Each structure stands twice: as C-alpha cells, then as structure tokens.
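One line per chain: the protein sequences are A and B, in this order.
Counting from 1, one number per residue, gives the positions in the first sequence under my numbering.
Counting from 1, one number per residue, gives the positions in the second sequence under my numbering.
I should point out that these hints are in silico values taken from the structure, not numbers from a laboratory.
Please read these numbers as outputs of a predicted model, since none were measured by experiment.
Fair warning: there could be bad hints in the mix.
Unchecked claim - Far from chain A, by Cβ distances over 10 Å, these chain B residues were calculated:
1) Glu60
2) Phe198
3) Asn263
4) Glu369
5) Phe604
6) Phe740
Claimed, not checked - Taking lysine-lysine and the DSSO-like style, the derived pairs with C-alpha atoms no more than 27 Å apart in a straight line are:
7) Lys695(B) with Lys567(B)
8) Lys146(A) with Lys695(B)
9) Lys695(B) with Lys213(A)
10) Lys75(A) with Lys63(A)
11) Lys276(A) with Lys213(A)
12) Lys86(A) with Lys146(A)
13) Lys181(A) with Lys261(B)
14) Lys146(A) with Lys668(B)
Built from N, CA and C at the ideal position, the CB exists for glycine as well.
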Amino acid sequence: MKPGKIGFLSVVMVAVFLIWPMTTLAQSKSETAQTVYFVSSGNLTLDKYFTDLVSENLGPEFKLKPLPKRLPPAKRNHPIITMGPKAFERTYRNTPDAVVVGTFVDREFMDKYATEQNPHISAIYYDVPLLRQALTGKVILPQADKVAILASYVNRDSYDELIEQLPAYGLEGKVFVVTDKDQLIPTVIRALSYGDFILGTSDHDIYHPRNIKHILLTAYRRNKILIGPSQAFVKAGAIASSYAPFSSIAEKTAQYILYYRENANFPAAAYPDSYKVDLNEQVARSLNIPLPERPHVSEAVNELLKNNSRGSIQ
Amino acid sequence: MPDTNCMFYPPRLATRQTRLVVIGGLLSTLGLITTFSANAADAEPAFDRALFAYDSDIPEVLTTTRLRQPKTRVPGSTTVITGDQIRDLGIVNLYEVFRLVPGMVVNFVGSHQPVVTYHGTVHYEQRRMQVLVDGRTAHRATLSDMDWETMPVPLELIERIEVARGPNSAAYGINAFLGTINIITRDPEDTAGTELSFSHGSRDHLRAFGSVGGAGRDLDWRLSYEKRKFGGFDYQIKGGEEAPFNDGHNINFFSYDGRFKLNPDLNIELMTGVIDGVKNQDRGKSGVLEPVDHPDIDVRDYYIKSQLNYSTSEHHFFHFLVSVSNFKRQERYGVELGGAAADCLRNTGGPTLYEEDASGDAPCQARTEGETLLEAQINGDYEDTRLEVEFQDTLLFTDNLKLVSGAGFRKDTLRSETYFNGRVHDYKSRFFGNLEYTPWSWLTLNAGGNWERSSTTDEDYFSPRLATNFIINQHHALRFVYSEAVRTPDSFEQNPRTGFTLTNVRPAQYADLEGRRITIEDAAHSPFQLTLGEELEEERITSHEISYFGQFPLETAILSVEVRGFKDEMRDMVSGVIQLVNWTLGNNVAVDQKGFEVETTLEFPGTALRASYGYLDQDTRYTGPPILDESGNVDTREQDYQAGLLTRMSVRHSGSLSVIQELPSEFKVSSAFYWADEFLRTNNQFERLDLRLAKSFLQPNYTAEVAFTVQHYLNREHELSSDNNIEDHNQFFIEAGVRF
C-alpha cells in the first residue's frame with residue numbers, strides 16, 4: 001500500500017472507531033425514549049406549537065407521536081395528551097383504560113369524568129378560574145364592587161362558591177339566570193343595571209358566537225365592560241381576560257407526564273400555575289377607562305390572591 | 001446529509017481566514033437564533049387566532065367603526081350624563097338634568113315654560129343651542145325655541161345625554177351656537193322585555209311609563225307609552241294676593257322604535273311617535289288682548305325618522321337619515337275689548353290699541369262702567385313641519401386618521417294664519433366635514449367646518465373649528481380649541497306677519513269687526529320703536545377654549561377631572577321683544593364673556609361622587625342704532641333694557657354636587673345639591689337639595705325598585721318671576737318600577 005492510502009485508511013478507521021459507538025449509543029437512547037402520544041385538536045398550527053412546547057419541557061427522553069388509530073395493548077400504559085374536549089372524549093370512548101391527560105378542556109367538562117377516582121385520567125384546565133377573572137375586573141376598575149354573572153338555567157348553581165369568595169376581595173356577585181334564548185337581552189339589561197361589569201364564564205349556552213354580539217353591544221352602549229371568558233372574547237370586544245399562556249399549560253402538562261412516569265398515576269386535574277392578562281386597549285380608551293400595563297394587571301391579581309387567606313383558587 | 005454541506009464549500013473560500021469568518025458567522029447566527037428562541041420562549045407570542053381551536057368563531061364585535069371617540073381625543077369639552085345617573089338621582093323632569101352640566105342654568109318663564117340655557121343670552125326663546133334626539137333635530141328653528149315639557153323622551157328611555165359645551169356649528173350646523181345637547185335614547189335591543197314604572201308626587205306630579213319590546217336576529221323593536229301630568233307652580237301674585245296659576249300640563253306620548261337588520265353590515269332604524277295633550281297657559285301670562293279664558297294649548301305632534309346604516313368595510317361606514325317632525329298646536333280662547341278699543345280698531349288712522357299718550361294713559365284701553373264689551377274668539381294656532389335629510393360618511397384611513405363628512409338638507413314649513421298670515425317655507429342646506437389626525441400618540445389634531453346656506457337670510461356661511469389635543473399617557477389631555485359659529489334669525493324673527501283675527505264677535509253692535517285682523521301695527525304701545533321690516537343679519541361668535549381632561553386611577557377609586565377655560569366674543573346678537581304690543585328685534589347687542597368650568601367625578605366601590613361648577617363673567621352692551629323715544633332723544637333705558645334681556649339667565653356661579661351611595665340589602669341612597677347664584681338681573685339664587693332612597697329587588701326573573709325622593713328648596717326668593725311660587729319648601733315623590 002502506498003503510504004498515502006495507509007494514512008487515509010487510518011483516518012477512516014479512527015473515525016469509525018470514534019463515531020460508531022456514539023451512533024450506537026444514540027440509537028439505543030432513541031429506542032429507550034418513552035413515547036407520549038397526542039391527539040390532535042383539529043388545529044394543526046396549535047398542535048405543532050403546543051407539542052413542541054411540551055417536548056421542550058419533557059426533554060429528549062420523551063418522544064411525542066400522534067396517537068395511532070389502534071393503540072396496541074402493550075402501549076396502553078403510554079400517556080396520551082389530548083387537546084380539546086372532542087379529542088379527550090373520543091380517546092376516552094375508544095380506549096377507556098388509556099392513560100390520558102386532557103388539555104384545553106374546561107373544568108366543567110372534566111367534572112363529568114370524575115378524574116379524582118381514576119388515577120389514569122387527569123387534566124390541565126383551560127378555562128380560567130372565575131375568581132381570577134373577577135379580580136382582573138377589579139384591578140381594571142378599582143371602583144367596582146358588583147359583579148354580574150349570566151348563567152343558563154342548568155348552570156345557575158355553578159357560581160355559589162365564587163359568590164361566597166368574592167366578599168373577601170371587596171366584591172359581591174349576583175347570578176342572572178337566562179331561562180331561554182328570548183330572555184338573554186332582558187337578562188343582560190338587568191345584569192348591567194346591577195353590576196359594574198359582567199363576568200364572562202364558560203357557559204357555552206350564553207357565551208357563544210351568536211350571542212356575544214348582543215352582549216357586547218348592549219354592555220358597550222351602557223358603558224359597562226365584559227371580562228373574559230377567554231382571550232378570543234378580548235379580540236371580540238371584551239375589555240380583558242386572564243389566560244394561561246401555552247407555555248404554562250405545556251409546562252404543567254409535562255410535569256404531569258413526568259409524575260406519571262415516577263408514580264404510575266396522575267395528580268388531580270388542576271389549573272396551570274401562571275397566568276397573563278390580555279387587554280383590549282381600544283375598547284378601554286373608547287370607554288375612557290385608564291388601563292394599567294398588562295404585567296401590572298396580572299401581578300396585581302396575583303398579589304390580591306396571595307394576600308388573601310382565602311385566596312386559593314386552584 | 002444537509003448538515004454536512006459545509007464540507008462542499010468551493011475551494012476558493014476554503015482558506016483559513018475564510019473558514020474563521022464562516023465559523024464566526026455561524027456561531028454568531030447560532031447565538032442570535034438561540035437568543036431569539038430563548039426570548040421567544042420567554043415572551044408568549046402575540047394572540048394569534050390560528051392558535052385557537054375552539055373560540056376561533058367568536059366574531060369581532062366592537063370594531064373600530066363601532067367605538068366612540070375617547071374623551072382625550074374629543075375636540076372640546078363634553079359632559080356626559082348617563083340615564084342611570086338621572087334615574088339614581090331621582091330627577092323628575094328631563095330639563096332638570098341640565099343643572100348637572102357646568103355653565104347650564106334651568107329656570108321658567110311664562111306659564112311654567114322651562115328654559116335651559118348655556119351661558120345665558122336668553123329671555124324667553126331658547127335660540128342658541130342645538131338639541132338633538134337620536135340625531136333628529138328637536139330645536140324648533142322656525143320659532144327658535146324649545147318645548148321641553150312635550151319632548152318625546154321618557155326618562156326611562158334615556159341612554160345618555162351628551163352636552164358639547166361651546167360652539168359646535170362645524171359638526172351640527174348653524175344653530176349649535178353656544179352648545180349642543182345630544183339626547184341618545186336606549187337602543188331597542190337594550191330594552192327587550194317589559195318595563196313598567198309609576199311615580200307620583202307634589203304639585204300633582206304623575207308619571208306612568210310602560211314599554212315592551214324584543215330583540216331578535218332580524219328585528220329589534222320597542223313600543224312605549226308615557227303619561228306626564230304636572231300642576232306647575234302653586235300660585236302667582238296678582239294685586240299683592242296669591243292667585244291660582246294655570247300652568248300645568250297633561251301629555252301622552254306613544255312611540256315605536258325598531259331596527260331591521262338586513263345583514264350584519266346593513267340595518268334600517270325606524271322611529272316614530274305621537275304626542276298628544278294639553279299645556280295649560282295662564283291668561284295673565286299668555287295670550288294677547290284681554291283673554292277671558294286661559295289660552296291652553298292643545299298639543300298634537302308626531303314624528304317619523306328612518307335611518308339607514310351601512311358599513312362597507314371595517315373602515316368605512318355611512319348613514320342616510322330622513323325625518324319628518326310635525327308640531328301642531330291649537331290655542332283658542334275668548335277675549336274682551338272695551339268700546340274705546342273697538343272704536344280704535346275701526347279708526348285705522350287713530351292711536352293704536354295700546355299706545356300711550358304723554359300722560360301715560362292708553363286712550364284705546366279706556367273703559368266706562370257698565371259699557372257693553374266686545375267679545376270675540378281668537379286663536380294662536382300653528383303647525384310646524386320639518387323635513388330633514390342627512391348623509392354622513394365616516395372613513396377610517398388608519399386608526400390615526402379619520403374623516404367624517406356629509407351633507408344635510410332641511411325644509412321647514414310653518415302654517416299659521418295668526419303668526420304668518422298663511423304659510424312660510426325655510427330651506428337650509430349644508431356640507432360638513434371633520435378630519436381627525438393623530439400623528440403621534442401624544443397629539444390629536446381636529447379640523448372641521450360646516451358650510452351652510454339659509455333661505456331666511458339668503459346667504460351662506462362657513463363655521464370652522466380647529467382643535468389640538470396634547471395627550472399625556474393616554475389618561476390626560478390638554479386641548480386648545482378655536483371655533484366660529486353663526487346663528488341665523490328664524491322665519492318669525494325675520495319676517496313677522498302676526499295678526500290675531502277676531503271671530504264670533506258679539507254682541508251685534510260690534511258685528512262690523514267680525515274677521516278684523518289685529519296686527520302688531522294695530523296694537524303696538526310704542527309704534528315709533530317698532531323694528532318691523534328691518535332685515536336681521538346673522539349672529540356671530542368667536543370662541544377660544546383651553547381645557548384639560550385627566551383621569552387618576554387611585555388604589556380603590558378613579559378620579560376624573562375636566563376643566564374648561566373659555567373666552568367668547570358674540571356680535572350682532574338679536575335682542576328685543578316679540579309681542580303683539582311690541583316688536584323691537586334687532587342685531588343690536590354685543591357680548592364678551594369669559595370664565596371657567598369644572599366637572600369632576602370620584603368613584604369608590606359603592607360610592608359615586610360628582611361635582612360641577614361654572615363661573616361666568618359676562619359683559620353685554622347695546623351696539624345697535626340709537627333707540628329714540630317719542631321726543632326723538634336717545635332712550636338709553638330702552639337700550640339697556642334690550643341688552644339686559646340677554647342677561648336674564650346669565651349666572652355668575654352655578655354648579656351641582658351629588659353622591660350616589662350603595663347600601664347593604666340592595667338599598668341605595670343619593671343626594672344632589674344644585675345651585676345657581678347671582679342671576680345677573682335679579683341677583684337672586686336658586687338652591688335645591690334632593691334626597692332619594694331606593695330599594696331594589698333583584699329576583700331571578702325580574703328586577704323591581706321602589707323609591708322615595710324629597711326635593712328641598714333652600715331659597716324661597718324668586719329667580720326670574722315673582723309669580724313662580726311653590727307653597728311647600730319640601731316636595732315629595734314616590735316611584736315604583738319593575739323590569740322583566
């Protein structure tokens with residue numbers, strides 16, 4: 001062999017010697033990475049964004065994959081992250097013994113599944129605790145002391161706990177029951193006469209696309225504001241809404257997956273740990289409401305909750 | 001493999017130096033990417049509708065086109081009184097609301113005729129403010145007056161009242177001379193359901209209101225009815241004795257308001273109403289010649305308004321408004337004349353009916369005991385019909401550049417044998433526009449103008465307004481406003497053809513006077529001072545305003561303050577007397593005024609405090625041609641009198657204080673103190689303290705309220721007329737209402 005060829009082979013061998021074990025090690029790691037399945041929300045942008053955030057929080061030991069149509073029995077102990085109520089419902093129906101953590105689901109929705117009694121099912125709530133939303137209103141309107149809540153007949157008793165909590169924060173609340181769709185506007189009018197603001201809720205019989213126009217326009221004409229119930233309503237014309245950032249939901253979801261790996265069960269369904277506030281500055285300006293800076297609102301809400309002994313809303 | 005492509009760089013780049021540069025660049029890029037990613041992870045991405053799976057179909061409702069202008073950007077000082085404030089303070093009549101507005105004064109002339117004025121310049125007729133109800137002109141330009149007691153605006157239906165203080169002709173046309181009152185009633189959508197209310201109180205006050213309505217996908221509607229009954233003042237003084245005062249009213253008002261929603265961007269509003277009733281007039285205050293009956297006025301008004309609203313896009317919308325308002329008043333009563341008066345009417349070359357001789361006696365008014373008096377019927381009937389058409393276009397080039405422009409046309413037809421000897425038509429057409437530009441967040445500029453042509457003077461006028469708002473921190477604004485405005489005289493002022501025709505004359509000895517029309521020339525007590533036939537010119541105002549609006553968010557409250565300083569020059573003001581016995585109108589007064597006004601609110605949880613104050617320093621002087629007395633000398637007393645007519649309701653200090661306090665168990669207490677000090681003519685003052693206690697019943701299916709209000713008059717001295725008397729310092733009212 002020519003000395004040049006020997007030199008080249010030596011380099012190749014050294015390279016193979018050095019690189020091969022690393023490749024093998026990586027391959028072995030990939031094979032041992034735990035698969036976490038996810039079920040799509042139906043919104044691919046959201047799916048991609050959220051699963052990337054969860055992956056970041058889980059680290060390389062976990063791999064997120066879409067849930068196959070048929071989950072082999074051997075893999076039924078792999079956690080599944082569902083995004084949205086439909087995804088959760090479908091997964092639960094198809095594989096009732098699956099290990100599922102629901103995201104983008106409201107507390108009211110999850111209550112149907114009695115998650116406390118099933119350690120393999122849990123959730124990170126998407127709706128914002130109503131007390132937090134009420135205090136968001138209080139921070140924006142420091143002079144406010146009356147909170148009006150619109151409720152459909154079936155949900156009329158859902159706010160008792162909130163109404164008991166409000167006085168500790170210098171607020172009082174009252175529920176105005178919308179008995180049928182023809183009674184929506186008359187009830188909104190009565191609620192506006194009472195409250196300094198309307199506290200939006202996840203009562204979908206009331207806060208849905210067809211109704212929101214009437215609620216927002218009526219409130220605006222009376223110089224009153226709507227808080228929440230979610231960020232999308234702020235875009236529509238609600239003055240503000242607290243919301244859990246996706247990063248916060250993803251972080252909590254990852255914590256639950258890790259917890260499950262260690263304990264083979266989930267913690268109880270819960271709200272994310274941190275919230276932000278979205279504000280509609282144009283609406284505020286038009287109503288001559290001086291808005292604090294966004295971070296100040298969420299900090300002030302946190303402060304109110306922290307300073308009050310009855311402030312636990314989780 | 002793509003990530004090894006760097007191995008295939010062309011040889012010319014593969015130098016050591018180049019490699020270092022490439023590596024350095026890559027590292028920098030990587031660093032930047034890493035930093036960016038880290039920042040992106042820290043900062044949540046802005047709200048992106050695409051990220052929402054479930055709420056994505058929530059429509060954007062409060063779009064830029066639907067939002068009102070914030071106070072920091074408004075080109076001038078504006079007071080907003082909400083319907084809730086009015087109801088919470090226990091205000092009983094619409095015109096009383098204006099006591100809450102800095103610089104505004106409310107009082108009464110004639111037979112309990114409310115007069116609302118901003119900065120005075122009023123004696124009887126309310127000539128210099130524009131009043132609109134839902135965009136429809138309520139100020140009656142043909143007679144330059146307002147009739148507040150028959151206004152088709154139940155208190156329950158008031159959403160809010162906006163009072164733009166200062167000339168506003170640039171936006172509202174030539175009658176918006178001193179200010180503009182814009183009454184906005186509740187949208188029919190906001191009154192869906194049923195509401196009933198009733199109130200009863202002192203001086204035979206009675207008000208009943210009912211409305212029923214619905215809100216649906218295609219139609220929002222409301223039917224309402226209101227009855228207003230009131231006894232007026234308790235007594236007047238006649239010959240030093242208390243005498244009954246016939247000055248109440250009994251008005252019924254029916255209305256239908258609807259909005260037809262043809263599609264999300266197009267709707268048509270329809271508003272119509274009928275007003276029917278009686279306004280009592282005391283024969284000592286109203287009527288001409290020698291009324292033997294009270295000349296009560298029978299009211300039969302109606303209006304219909306239709307407005308098409310269309311949004312072509314999120315940044316462009318317009319409305320087209322057509323309205324017809326008809327005011328029909330019948331005022332028929334009997335009169336008595338003595339034999340001497342009858343002879344004067346027969347002898348057209350002799351003295352006039354009320355002309356006085358050198359000794360101060362009126363020969364035509366002389367009566368002998370036992371003489372047979374002439375009895376006859378006369379009338380003061382008139383019918384005033386207004387057709388109004390307006391097109392207004394709003395174009396938002398950007399969030400910071402907005403153009404409102406439009407055109408309007410108005411035709412007024414006045415039919416009255418008595419006042420116009422037939423009918424009169426007036427035409428007004430105008431073009432207007434306002435450009436609002438916010439080049440920086442701290443500066444808003446407004447430039448507006450109104451070009452208008454009026455047939456009463458056959459001239460056209462341009463009224464400009466320029467405003468600069470310096471905005472600090474979005475919570476404070478300092479405004480500098482310059483505006484000019486004109487007011488043209490109305491048809492009645494410009495071309496009086498008043499004459500009362502005697503009908504049903506009896507007994508037979510006076511039958512020759514049947515159908516005799518008694519004109520101003522026949523009746524004038526000082527014929528040499530009549531100004532009939534003199535053409536009136538427009539009045540002019542130049543106004544400067546510096547104002548500040550600020551909001552101070554406190555820990556548990558919010559404080560709002562608005563201060564307005566103004567300096568106005570008014571020239572060629574029309575003053576004088578409009579009566580059958582005297583007609584002395586002329587462009588003969590100049591007014592210079594300056595002052596300041598403060599309006600402040602402080603809202604705590606459960607407590608709302610409000611204060612308003614106005615200071616007016618007004619200098620009025622006669623500037624017309626010399627008025628001569630019968631001997632040909634300058635009658636300075638008459639000149640001062642004419643200048644003084646415009647100061648009758650000019651008040652140096654005025655204001656209000658109010659508090660609305662929520663109490664436990666759905667009780668609410670409110671109190672308001674109103675005062676107007678130093679009426680320039682009488683130096684007297686108006687002071688009243690109101691107290692209201694209300695209890696609400698908030699039930700799942702209905703809301704009800706009962707309330708009790710006391711009005712306590714602190715000062716018993718009359719402000720304008722010694723005939724305006726109430727017996728009891730304390731006036732009591734109870735009210736009850738339910739909504740479901």
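Results of checking the hints against the structure:
no.: 1; hint: Glu60; in the structure: 5 Å, violated
no.: 2; hint: Phe198; in the structure: 18 Å, holds
no.: 3; hint: Asn263; in the structure: 13 Å, holds
no.: 4; hint: Glu369; in the structure: 67 Å, holds
no.: 5; hint: Phe604; in the structure: 6 Å, violated
no.: 6; hint: Phe740; in the structure: 7 Å, violated
no.: 7; hint: Lys695(B) with Lys567(B); in the structure: 45 Å, violated
no.: 8; hint: Lys146(A) with Lys695(B); in the structure: 16 Å, holds
no.: 9; hint: Lys695(B) with Lys213(A); in the structure: 32 Å, violated
no.: 10; hint: Lys75(A) with Lys63(A); in the structure: 14 Å, holds
no.: 11; hint: Lys276(A) with Lys213(A); in the structure: 25 Å, holds
no.: 12; hint: Lys86(A) with Lys146(A); in the structure: 35 Å, violated
no.: 13; hint: Lys181(A) with Lys261(B); in the structure: 18 Å, holds
no.: 14; hint: Lys146(A) with Lys668(B); in the structure: 13 Å, holds
Comparing the model with each earlier hint shows violations of hints 1, 5, 6, 7, 9, 12; every other hint is respected.
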